[in-house]
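Novice: What follows is the residue order along each chain.
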Amino acid sequence: MMTGVIETSGLGKRYRRAWALRDCTLAIPEGHVVGLVGPNGAGKTTLLHLATGLLAPTSGTISVLGSPPVDSAGQLARVGFVAQNTPVYARMPVADHLRLGAWLNPGWDEKLAQRRIGELGLDPRQRAGTLSGGQRAQLALTLALAKRPELLLLDEPVAALDPLARREFLRGLMEAVAAHGTSVVMSSHLVADLERVCDYLVVLVASRVRVAGEVSTLLATHCRLSGPRRDPATLPAELDVIEESHTDKQSVLLVRTGEPVHDPAWTVLPVSLEDLVLAYMNPANEMPARKPQLGLV
Amino acid sequence: MIRLSWLQFRAQAVTAGAALAAFAILLAVTGPHLASRYAASTITGCHGGTCSFAANTFLSRLQATSPYPIVYLLGSALILAAPAITGIFWGAPLIARELETGTYQLAWTQSITRARWLVVKLALAGLAAMVLTEALSLIYAWWADPIVKATDLGGSTSLFSGGRFSSVTFATHGIVPLGYAAFAFALGTAAGALIRRTVPAMALTLAIFIAAQIAMPIGVRPHLIPPDRTIATIESAELNFGSLTATVVPDRPGAWIVSSGAISAAGQPVTNLPAACQPTFSGTKPSSPGPCMESRGIREAITYEPATRYWPLQWIETGIFLALALVLVWFCFWRLGRRRT
Numbered sequence: 001m002m003t004g005v006i007e008t009s010g011l012g013k014r015y016r017r018a019w020a021l022r023d024c025t026l027a028i029p030e031g032h033v034v035g036l037v038g039p040n041g042a043g044k045t046t047l048l049h050l051a052t053g054l055l056a057p058t059s060g061t062i063s064v065l066g067s068p069p070v071d072s073a074g075q076l077a078r079v080g081f082v083a084q085n086t087p088v089y090a091r092m093p094v095a096d097h098l099r100l101g102a103w104l105n106p107g108w109d110e111k112l113a114q115r116r117i118g119e120l121g122l123d124p125r126q127r128a129g130t131l132s133g134g135q136r137a138q139l140a141l142t143l144a145l146a147k148r149p150e151l152l153l154l155d156e157p158v159a160a161l162d163p164l165a166r167r168e169f170l171r172g173l174m175e176a177v178a179a180h181g182t183s184v185v186m187s188s189h190l191v192a193d194l195e196r197v198c199d200y201l202v203v204l205v206a207s208r209v210r211v212a213g214e215v216s217t218l219l220a221t222h223c224r225l226s227g228p229r230r231d232p233a234t235l236p237a238e239l240d241v242i243e244e245s246h247t248d249k250q251s252v253l254l255v256r257t258g259e260p261v262h263d264p265a266w267t268v269l270p271v272s273l274e275d276l277v278l279a280y281m282n283p284a285n286e287m288p289a290r291k292p293q294l295g296l297v
Numbered sequence: 001m002i003r004l005s006w007l008q009f010r011a012q013a014v015t016a017g018a019a020l021a022a023f024a025i026l027l028a029v030t031g032p033h034l035a036s037r038y039a040a041s042t043i044t045g046c047h048g049g050t051c052s053f054a055a056n057t058f059l060s061r062l063q064a065t066s067p068y069p070i071v072y073l074l075g076s077a078l079i080l081a082a083p084a085i086t087g088i089f090w091g092a093p094l095i096a097r098e099l100e101t102g103t104y105q106l107a108w109t110q111s112i113t114r115a116r117w118l119v120v121k122l123a124l125a126g127l128a129a130m131v132l133t134e135a136l137s138l139i140y141a142w143w144a145d146p147i148v149k150a151t152d153l154g155g156s157t158s159l160f161s162g163g164r165f166s167s168v169t170f171a172t173h174g175i176v177p178l179g180y181a182a183f184a185f186a187l188g189t190a191a192g193a194l195i196r197r198t199v200p201a202m203a204l205t206l207a208i209f210i211a212a213q214i215a216m217p218i219g220v221r222p223h224l225i226p227p228d229r230t231i232a233t234i235e236s237a238e239l240n241f242g243s244l245t246a247t248v249v250p251d252r253p254g255a256w257i258v259s260s261g262a263i264s265a266a267g268q269p270v271t272n273l274p275a276a277c278q279p280t281f282s283g284t285k286p287s288s289p290g291p292c293m294e295s296r297g298i299r300e301a302i303t304y305e306p307a308t309r310y311w312p313l314q315w316i317e318t319g320i321f322l323a324l325a326l327v328l329v330w331f332c333f334w335r336l337g338r339r340r341t
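First to last, the sequence lines map onto chains A and B.
Going by our numbering, 194 is the number at position 194 of the first sequence; the sequence numbering is gapless.
Going by our numbering, 135 is the number at position 135 of the second sequence; the sequence numbering is gapless.
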């Protein structure tokens with residue numbers, strides 16, 4: 001039986017008047033590198049803060065690794081977090097950040113930390129405030145990895161990085177994940193980056209899970225159809241239309257289907273992960289009548 | 001967490017330690033001279049009424065001698081300012097800077113609870129602030145002892161006056177600096193937790209602390225213990241004929257005069273010197289209005305705290321500020337915990 005690394009039910013967080021996350025129900029299985037993707041304001045950061053325990057929910061429930069993310073040393077030790085913009089103590093040298101990690105985390109892996117800092121070529125005496133964005137992100141990742149968490153949460157870790165730094169960061173992340181079997185949930189709006197590292201995807205739009213599933217399954221069950229113009233209502237029931245566009249003569253559909261499409265009227269094309277995500281994220285494609293897209297057990 | 005707090009606090013602690021050391025050296029160099037001047041003055045071996053004259057002589061000569069007036073002022077200013085400085089620069093950023101720079105997301109996601117993080121941070125910097133202020137105060141009390149003693153004997157100059165109950169002397173001596181330091185530090189931390197921005201929290205801390213420093217001697221301290229009352233003769237109260245206020249409480253040396261004023265035989269307040277009693281200039285010395293007033297039945301009503309209440313008042317005032325500090329600390333914990341389940 002699968003246990004979720006993050007399971008929420010009706011989860012909501014309100015700041016004063018506005019809801020940052022509302023009625024969010026999702027279950028993220030363990031053992032994956034999960035991409036949490038959605039437009040700005042979808043509630044990704046709020047969800048991750050709720051999962052770390054930095055925030056308390058206004059409504060609903062959340063459990064992380066089977067326990068509520070309460071402010072207890074035991075639960076905090078199980079979850080690593082790399083926050084958005086990877087904040088570090090600007091005046092503290094790199095070496096002191098590692099000491100911080102060593103002092104505050106019983107499971108601290110000093111060898112891992114030292115090896116990573118060495119490989120990255122960071123000067124331990126350099127103040128963290130003078131590091132480049134990429135180096136700072138790597139330092140934050142090192143702290144989170146050397147804590148040896150069961151679950152690693154990353155909030156837009158590469159959003160501010162240049163492409164090279166982004167690749168280096170993700171490579172470091174993947175190496176560590178491969179070595180330790182850590183579950184990862186990483187939010188991003190850069191689908192290309194997620195495609196490279198994630199094997200599971202959750203698309204969150206306005207607090208709702210629009211689609212979730214293993215990347216390979218998602219790609220296998222979605223395709224693009226193009227053919228003579230046709231009313232989508234006349235399509236077979238097993239074709240679930242995610243996105244449609246029509247000209248006078250032609251219809252192009254992005255559909256979800258469990259079955260191969262044999263209708264000779266259609267030209268069947270594979271769909272890229274990016275197109276798939278964008279189709280789900282586009283608010284114009286959210287039809288009220290459509291059944292929920294939860295693909296989870 | 002203790003090691004991390006020390007790591008992050010070390011630089012401030014060194015700065016504060018250096019300032020304390022510099023102040024201690026200044027006082028250590030000038031203090032023995034001040035003590036020997038006192039020992040050599042006519043105050044030693046004075047009796048009754050001659051003491052206040054001897055004290056006056058000692059103080060006016062002191063006031064004219066550098067560097068005593070400047071060191072005296074500097075010391076008072078430093079002890080009054082130390083709580084505000086530590087509250088602003090140690091207290092206000094403690095939580096606010098973490099929130100402002102986002103580092104709370106790093107600090108509070110390590111394997112340590114937020115409560116423990118706050119306990120250690122508050123304890124280290126808070127105790128350091130208290131130790132610093134109290135250490136300044138103790139060194140200064142040693143240095144200024146001859147001056148306070150002389151003012152207690154009734155000596156008074158434009159700079160040195162009022163005895164140990166005067167607003168500034170009371171607030172810079174004894175144990176109250178400890179209370180002020182704890183209060184200002186907790187105030188800064190709580191303001192930071194409330195406003196979540198360092199600079200506005202600093203400004204709020206300064207404003208509230210100065211208000212507390214002013215309100216305490218004017219509005220609160222006189223009411224901490226209900227003062228005693230007495231009716232004295234004009235002569236024995238050594239009346240100031242300008243304001244008709246008493247300068248001493250008969251048989252209560254070193255008492256703190258909370259308020260005083262002349263009253264008529266019928267018990268009505270006398271606010272002006274009766275015209276008939278105005279001093280007349282016949283010869284070289286003006287006549288004293290005292291006997292004239294007494295012949296009209298005018299007496300001096302004095303509200304005062306006897307000298308024996310110095311330490312009870314110190315304890316109560318310190319207790320008030322420590323209690324306020326505890327409430328503010330509680331607020332910080334509540335504020336941090338409110339984000340939690």
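In case anyone wonders, no lab produced these hints; they're calculated from the structure.
Treat the hints with caution; some may be incorrect.
Okay, the calculated beta carbon distance ranges per label pair [to be verified]: (1) B:A211 x A:A90: 31 to 41 Å; (2) B:A21 x A:R16: 23 to 33 Å; (3) A:E110 x B:A18: 46 to 56 Å; (4) B:L127 x A:D123: 54 to 64 Å; (5) B:A211 x A:G118: 48 to 58 Å; (6) A:Y15 x B:P226: 43 to 53 Å; (7) B:V199 x A:R16: 21 to 31 Å.
For each residue, glycine too, the CB sits at the ideal point set by N, CA and C.
Novice: Hint by hint, which ones does the structure fall short of?
Specialist: Numbers 2, 3 and 4 - these are the hints that the structure violates, sorted from lowest upward.
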